[in-house]
Amino acid sequence: MKDQQIIDDATERDYEYGFSTDVAVEDFPIGLNEEVVNEISKRKDEPKFLLDWRLSAFSKWQKMETPSWAKLQIPKINFQDIVYFAQPKKSVKSLDEVDPEILATFEKLGIPMNEREILAGVEKPKIAVDAVFDSVSVGTTFQETLEEEGIIFCSFSEAVHKCPELIEQYLGSVVPVRDNYFTALNSAVFSDGSFCYIPKGVRCPMELSTYFRINAANTGQFERTLLIADEGSYVSYLEGCTAPQRDENQLHAAVVELVAHKDAHIKYSTVQNWYPGDKNGKGGIYNFVTKRGLCKGDNSKISWTQVETGSAITWKYPSCVLKGDNSVGEFYSVALTNNYQQADTGTKMIHLGKNTKSTIISKGISAGNSQNSYRGKVRISKNSGQARNFSQCDSLLLSDTCGAHTFPYIETSNADAIIEHEATTSKVSEEQVFYLRQRGLTEEEAVSLIVNGFCREVLKELPMEFAVEAQKLLAVSLEGAVG
Amino acid sequence: MLKIENLHASIGENEIISGLNLEVPAGSVHAIMGLNGSGKSTLSKAIAGHSDISVTSGNIKLDNQSVLELEIEERAAAGIFVGFQYPVEIPGLNNMHFLRTAVNNIRKAKNEEEISASDFLKAVRKIMQEIGMNEELIKRPLNTGFSGGEKKKNEILQLRMMNPKLAILDEIDSGLDIDALKAVAGGINQHRSKDNAVLLITHYQRLLELVQPDYVHIVDSGKIIKSGPASLALELEEQGYEAILK
Chain W
1 MKDQQIIDDA TERDYEYGFS TDVAVEDFPI GLNEEVVNEI SKRKDEPKFL
51 LDWRLSAFSK WQKMETPSWA KLQIPKINFQ DIVYFAQPKK SVKSLDEVDP
101 EILATFEKLG IPMNEREILA GVEKPKIAVD AVFDSVSVGT TFQETLEEEG
151 IIFCSFSEAV HKCPELIEQY LGSVVPVRDN YFTALNSAVF SDGSFCYIPK
201 GVRCPMELST YFRINAANTG QFERTLLIAD EGSYVSYLEG CTAPQRDENQ
251 LHAAVVELVA HKDAHIKYST VQNWYPGDKN GKGGIYNFVT KRGLCKGDNS
301 KISWTQVETG SAITWKYPSC VLKGDNSVGE FYSVALTNNY QQADTGTKMI
351 HLGKNTKSTI ISKGISAGNS QNSYRGKVRI SKNSGQARNF SQCDSLLLSD
401 TCGAHTFPYI ETSNADAIIE HEATTSKVSE EQVFYLRQRG LTEEEAVSLI
451 VNGFCREVLK ELPMEFAVEA QKLLAVSLEG AVG
Chain E
1 MLKIENLHAS IGENEIISGL NLEVPAGSVH AIMGLNGSGK STLSKAIAGH
51 SDISVTSGNI KLDNQSVLEL EIEERAAAGI FVGFQYPVEI PGLNNMHFLR
101 TAVNNIRKAK NEEEISASDF LKAVRKIMQE IGMNEELIKR PLNTGFSGGE
151 KKKNEILQLR MMNPKLAILD EIDSGLDIDA LKAVAGGINQ HRSKDNAVLL
201 ITHYQRLLEL VQPDYVHIVD SGKIIKSGPA SLALELEEQG YEAILK
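Read top to bottom, the protein sequences are chains W and E. Mapping the first sequence onto our numbering, position 48 (from 1) lands on 48, and the numbers just tick up by one. Mapping the second sequence onto our numbering, position 131 (from 1) lands on 131, and the numbers just tick up by one.
For reference, chain E alone in the conformation it holds in the complex (with noise of 0.2 Å):
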């Protein structure tokens, strides 16, 4: 499904991807496990198309076609989608409005029809229940005061709405306490299928424990330095990075 050869990826004068390669077959779950700035989030920036990354060679390609020519939301309609550390707050719009326009734009994209009003409050109802999400919330502004526990599971829920092919999940662990951990795993869990794939990037090896994944890398440097199972996490966690990276 996400095929990424030899990236070269650089912010202004800075390279930060060097020479990275990874393939990320459908019905699996990788995560990228790597320091700060080992450049993680720049990796899951370049595959969405972010203005601030130049991709200087390489390619990524989907379903075994180049994205690098397409605008961010192209990519998007494509099927990738990113679930980011930090959603950004967007006061006054509604997160309802939102979620319908973005769940509608990927829908026209693919020759779909628009999902009706009720359908759509039907299941975002139902993701919001078992994500542990308060129902209060869609209406508000698009993040807007949101927790941070919240804005994670306000991501979960797009990614649910939306089941991208590709979902790029940066540090969706960070910030959270063990149940709301457990609610978003779960809401990954739901979301895995044959026919999509799931990156998640991640310091940490206890959301690995809840969403078991079939491979894990480490970063190092722009590139993957190490490729192993599941249990290279758990090997990470007991001998940390300097044991690993030397």
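One chain only, chain W, in its complex shape (with noise of 0.2 Å):
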């Protein structure tokens, strides 16, 4: 049976994206100064207000903290120790061209970049992919088929040539430079990333993704991603991550923002394997992402799923601000810690519009020694007649040594907003394991049929790839907890 395979096979592995490609890279000079913020723009051959725009993030960042409320022992980090930079030295134009070890990577990733193989199964669901390898994007698919629709998906980098006007008006529109510490960082210095438009009345006729791979060594990777969706349009987006395995912490600090006009509908999932560090809790990614979508007109929506496995610190919280009346916002969440790693994840809803409604749906597990927090925000503004907030916070335990927390956050300038909250903490018992392995489960199966039963409202929300993809992500990440 195709399920039981797939936990057959992902309880036998490790973090399997471990490895790591060799390709020449150009050079670029360690650390952080006014320089590296003028030579990225200027390698990406920038306009003006772009490079203006970076400069004024990169002062404001000089003055800026790292944020410290965070329930993370986070490990002093050496901003001038890190590669801002890193991209595959031979320049490429077309898919055609791409460096064929890199796409060999992205094929042992098992990411589909070749469009005509696509095209010609049948069976395999058509999905548009952005790669990016470190700092830069690698190549797109199915720009052609999108453009008969009018929708612009493409690398940030092209966008900024294609429609700079679309980025003047967008970037930093959701997500303020000076939001946090990593904003404002990823403001100066951020690389690649992917950029969509879905045009007035369009239904998206595939799933939208972005693979991200870290592969340079002592290389930062900051994205920024602006996904606007206009008028009555509908757009369902995926993004997945992995890096090799390293001894060294590596910075992921990523931006994301979303636009949803009238009537708009965006749909977001993640997937986040980000390498999680060795059983003893050496190396892996620090994950310290801002994402924010703005339901900007009537009955627009937008929807996160993310389900996090990966990175040794995950500092995640992606939020909607709904202005637009009648708009609605999503979250759900899965997230998985095990051995070292540590989470502090959630989301904001700000109900601003009249009669918005927001739901959050979050799945704590936490296994081996790990930390794993909710922390979320609701807050129904004075305007914001009629909001509605359903909040609903599980935590699974699999060990004596691991932390479960959750801190929700209600603020409420309306009498007539209705807000409920849920809450529980559950331990994987001892009589269910049993029971399962009286019927000829092993305790790995057992326990990872638990888990994925735990996270069930979560999974269904993925796309059905996805959903196949994180169920076996979480057997992986499972591996070693019990017992």
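Be careful, since some hints might not be right.
[Said to hold, decoys possible] Distance condition first, Cα-Cα at most 27 Å in a straight line; then the derived DSSO-like pairs of lysine-lysine: (1) E:Lys226 / W:Lys460; (2) E:Lys223 / E:Lys110; (3) W:Lys427 / E:Lys139; (4) W:Lys323 / W:Lys377; (5) W:Lys162 / W:Lys200; (6) W:Lys348 / W:Lys267.
[Claimed, not checked] Ranges of calculated distance between the beta carbons of each label pair, as one might list FRET restraints: (7) W:Val468 / E:Asn163: 38 to 44 Å; (8) W:Val468 / E:Pro25: 43 to 49 Å; (9) W:Leu51 / E:Lys139: 25 to 31 Å; (10) E:Gly12 / W:Ile77: 46 to 52 Å; (11) E:Lys139 / W:Arg203: 26 to 32 Å; (12) W:Phe390 / E:Lys182: 51 to 57 Å; (13) W:His421 / E:Pro25: 34 to 40 Å; (14) E:Ser51 / W:Ile77: 40 to 46 Å; (15) W:Gly403 / E:Glu112: 43 to 49 Å; (16) E:Asn163 / W:Pro199: 34 to 40 Å; (17) E:Lys108 / W:Thr66: 40 to 46 Å; (18) E:Ala117 / W:Pro199: 39 to 45 Å.
Think of the hints as simulated: they come from the structure by calculation, not from any bench. Don't be surprised by glycine CBs; every beta carbon is placed ideally from N, CA and C.
Put the two chains together into one complex; each comes in its own frame, and the hints tell you how they fit.
This is the structure:
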């Protein structure tokens, strides 16, 4: 049976994306100063407005401090010890010119980059992919097919030249430069990422996806994603991430901005599987990400779904600003931590418009010596009449040495708001495992089925292919967590 | 088929099973009766390999092979099935997905091919109809929110689908109304064959009227104190445990 096979395969593996690819990388100095910011902008041949924006962000960043309010123990990061830009040497104009080593890497990761093969295959669903390797996008598939619908889907760098007016209009409009330390840093040095614009009334005919891969050592990845859904449009967007297994910690500080105009609907799904470090907590990615969506127009809707299993440290709060009347924000999250991983993740739902609605479903799973926190804020403003929120935060513990924490904040300035909050904490019971083993399942299969059951409400929100991937991931990440 | 030799087993410091001997040959149904706390449920857990129970001496054999060194799932693969008094709930785990995984794991252990989805579904539907189990229950999360009767029927569905050599049914009759009891008993009778054995653990005669046992054993203080034909259960029902235990 398919599902069983998946679990079987999965439990026998370690972090399987830990390999690295040998490609020549353009030299770039270590450390960060104004010169470096200038150089990044120059190499990308950016218009002046963007360089100015970066420089102003850099000067703001210099005056800011790393946030310390999260329940995380963050080792001091030396920001002068990081390479801020890594680009494969060969410059490419089309997919056919991409270094075969890099294409092979994405193939190994299971990311479909060959349009012809995908078109020939009948069963595989069509997904347009933008592949980001270290600091640059190495190729985007199905661009032409999408262009027929007027959809722009390309790397951020390409968009800067293709439609600078959209970039200038929307960049930083949802996540201001000064939002936090890492957004300021990202705004100064962001290298690449994906850009997407869905025109009025268009229902995007295929899933769009960006796949992020950190390869080069000592390199930070600072990508920027901007997604705009014009009036009445719909798009489902997927994001996946992996990195090689290295002993040093690597920094990933991304910013994602979504804008949903009137009647538009954006569904944004993430499966985050950055290298989590080894069993003793050595190495792994520091993942400091700011994601926010603006429901700008009336009746707009933004849904975030995330499965977070990787990274040594995760600091991430995909949020919705519900500005339009009747707009809807949703957040579905599974965060799994094992060994010495730390996660502080959750969401913010800011209700500004009338009759706005938000739903938060968070499932935290902690194993080993890990610490897993849910942090969420629901804010209902004075003008947001008839606002509604429902939050449910469930924690599942798999060991006696891990921690699960919940920090829900609710602020309301409106008496007619309806806010519900439910929270549970449970342990995988020995009797559940015994029952399943008595029916012929191994201990790992049993725990995997119990955990997948616990996450079901969230996993069912993922697109089919991604849900299968996520189930596999949960099983791998739990390896060694029982017994 | 099942042979228990001078078994001693404890939970923590307390010895619960104290020198129990029992042999259940293929093709037979044996009933074990006894007061609460006499060691009936501990016996079923010991046979299944629950980690709370430590076997201090004696042996448990299935087809002349000791199972004491086997893991819980290996015992299941060898053909041991326990129908539980209180089947656990597992939220979110689809009942059908669970059952198919279980059936296929047992098949895999026997080097048999996996059951096809359509054969599986056909077999499940047939059994559910026979035991009067609401078809919706196969689509729901395992035992979650099931009534007591529904949980017991789900155990019988698993029994029939997994078709084990040795079925130990621990108070499968508790908490059932008369119709559900008949349905469950019918399921057990359907399962009975010359190739398998059934061990019924029960307090009451009423199940044994519907599933005729070949032998009845009365357990007290962790050992069998009296064995006899089906009529022993009737005697027990009329006279009570006190009279028999004296």
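Which numbered hints does this structure break? Structure breaks hints 1, 2, 7, 9, 12, 13, 16 and 17.
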